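Engineer: Protein sequences, first through last, are from chains A and B.
Quick note: the first sequence, position 28, residue 8 per the numbering used here, numbers continuous.
Quick note: the second sequence, position 143, residue 123 per the numbering used here, numbers continuous.
To be clear, the hints were calculated from the coordinates, so they are not data collected in a lab.
Keep in mind that a hint or two might mislead.
Intra- or inter-copy, both count: the list cannot distinguish identical chains.
[Unchecked claim] Within a straight-line C-alpha distance of at most 27 Å, the following computed DSS-like cross-link-like pairs (lysine-lysine) qualify:
1. Lys34 <-> Lys166
2. Lys177 <-> Lys258
3. Lys81 <-> Lys(-17)
4. Lys82 <-> Lys221
5. Lys18 <-> Lys81
Source: prediction; values computed, not measured.
2 protein chains.
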Amino acid sequence: MAKVRDVLRVRPGVDPTAKPAKVFGHKPGDFPVGPESKSNAAKQLVSTGERLDKLQEALFAGGRRNVLLVLQGMDTSGKGGTIRHACGLVNPQGLQIHSFKKPTRAELRHDFLWRVRKALPAPGMIGVFDRSHYEDVLIARVNSIVPEETWRARYEAIEAFEQELVANGTAIIKCFLHITPEEQRKRLIARLERPEKHWKYNPADLDARAHWDAYQTAYAEALARTSTDLAPWYVIPSDHKWYRNWAVSELLLETLHEMNPSYPTPDFDVEAELARVKAAT
Amino acid sequence: MAKVRDVLRVRPGVDPTAKPAKVFGHKPGDFPVGPESKSNAAKQLVSTGERLDKLQEALFAGGRRNVLLVLQGMDTSGKGGTIRHACGLVNPQGLQIHSFKKPTRAELRHDFLWRVRKALPAPGMIGVFDRSHYEDVLIARVNSIVPEETWRARYEAIEAFEQELVANGTAIIKCFLHITPEEQRKRLIARLERPEKHWKYNPADLDARAHWDAYQTAYAEALARTSTDLAPWYVIPSDHKWYRNWAVSELLLETLHEMNPSYPTPDFDVEAELARVKAAT
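Work the whole structure out from these sequences, hints included.
Structural biologist: The following block contains the structure:
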């Protein structure tokens, strides 16, 4: 099978001002790589989970490098579901999940990356960002929260920031959970029709939906401008939840596999300790 | 079946200076309640996971009350394994796990509860403490890190602290993972014989082991003195990992079930929003 990373990655050199569909490369309902049925994806998820588990333990034990998984997407695109089903495959002790909400007053007084730096994963951890610093070139742009020169300058700031993280040993995986407006409508209706899902519904979601095209344009430009070899963006077809979960779990697996984390060399004499344990009362 | 909470709980009114075995009530290899075989426990874990999942979501959605699970026990007693297998049953987004290490210099300059307060779970979350403020009446006592009058005064400070948490809506579950020295020896040897487990071994573990009886005495007194109706201690037979995982997951389930978390009432008009979504392009 082709590497999921190669297939889902935003093409290097794609024109950032091209039509969003061109930047994204595949459609929300596509299966450009991997399983084409829910049952096959479910089977793979089990073995992926076992492999992820071992790799994550070595990453944690090594305690040097770490992973940062960035999840972005329109409302209902499944950021929470991805955390539950894909990230839920690894030991929760090795996960550091952070949800970015509307910035507080205190956060707004600082540079936009200030709160992001505070939420970075510790060495050995897999950090997950549910929304991220990319909101500052998305909603900030669509809602004209800051002038164009401000959000436009952030592309470079983000690139420099991410390169700094990579230089410090972080592997960055950025996923755009790509859905159609039709699928969003279905999911919003489902949230309203099921009382136990009401809490997930926010009337403001419709305001963002009203700016659908503007968001797609903002996403396309942000992805094209900030998808680098060191911190690539992946477009995750997300109209099918099972495909989305499968794809993100595979990206985690491929990334960890390539990092090839190794257990640290013991800083004690193993044989001597074995003798000590056996001699101890 | 009897409630796991009733069976595993440290008996109210037990003499804190009684022999540790009397305070603990059951032995590390016992099955005082629930399944007596690994396969039965595994079956129950699946349905427990499904029920926990629903309850945890409602707790999270409600965003008011929370849970604090405290895990204490000798080295190799399985604090990490419990987090992985019992806490791993719930959505990782609803978990807030904190491992307490040897206090830093900065932490030592503050009251012993200072660092604990900073690690408390947010509303709606299930917080898990891998070690806790109880170290300050355990290792602090056994290693004479502070004078007796200091650690002895902490029992009251801890009780007041926990009552404050409970008054603020936290449900506290404190688990002592009870193992035999024979089982610890086996597990230490296993860590040394398997290279991928070396990282879990610490030569200092043997120093604590050399003080086994002093630790049992310190645990027994701490449990007896701080097990209150509002913040009870449970003694988890932990020589069998599957029993330990089952017992802790049941305690979580019973606690959440009793909290009976409910989804918040929508602060919007559901029918009106449904009409808006259906009318939106």
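Engineer: Find the hints from earlier in the document that the structure breaks and name them by number, from lowest to highest.
Structural biologist: Per hint list: 3, 5 violated.
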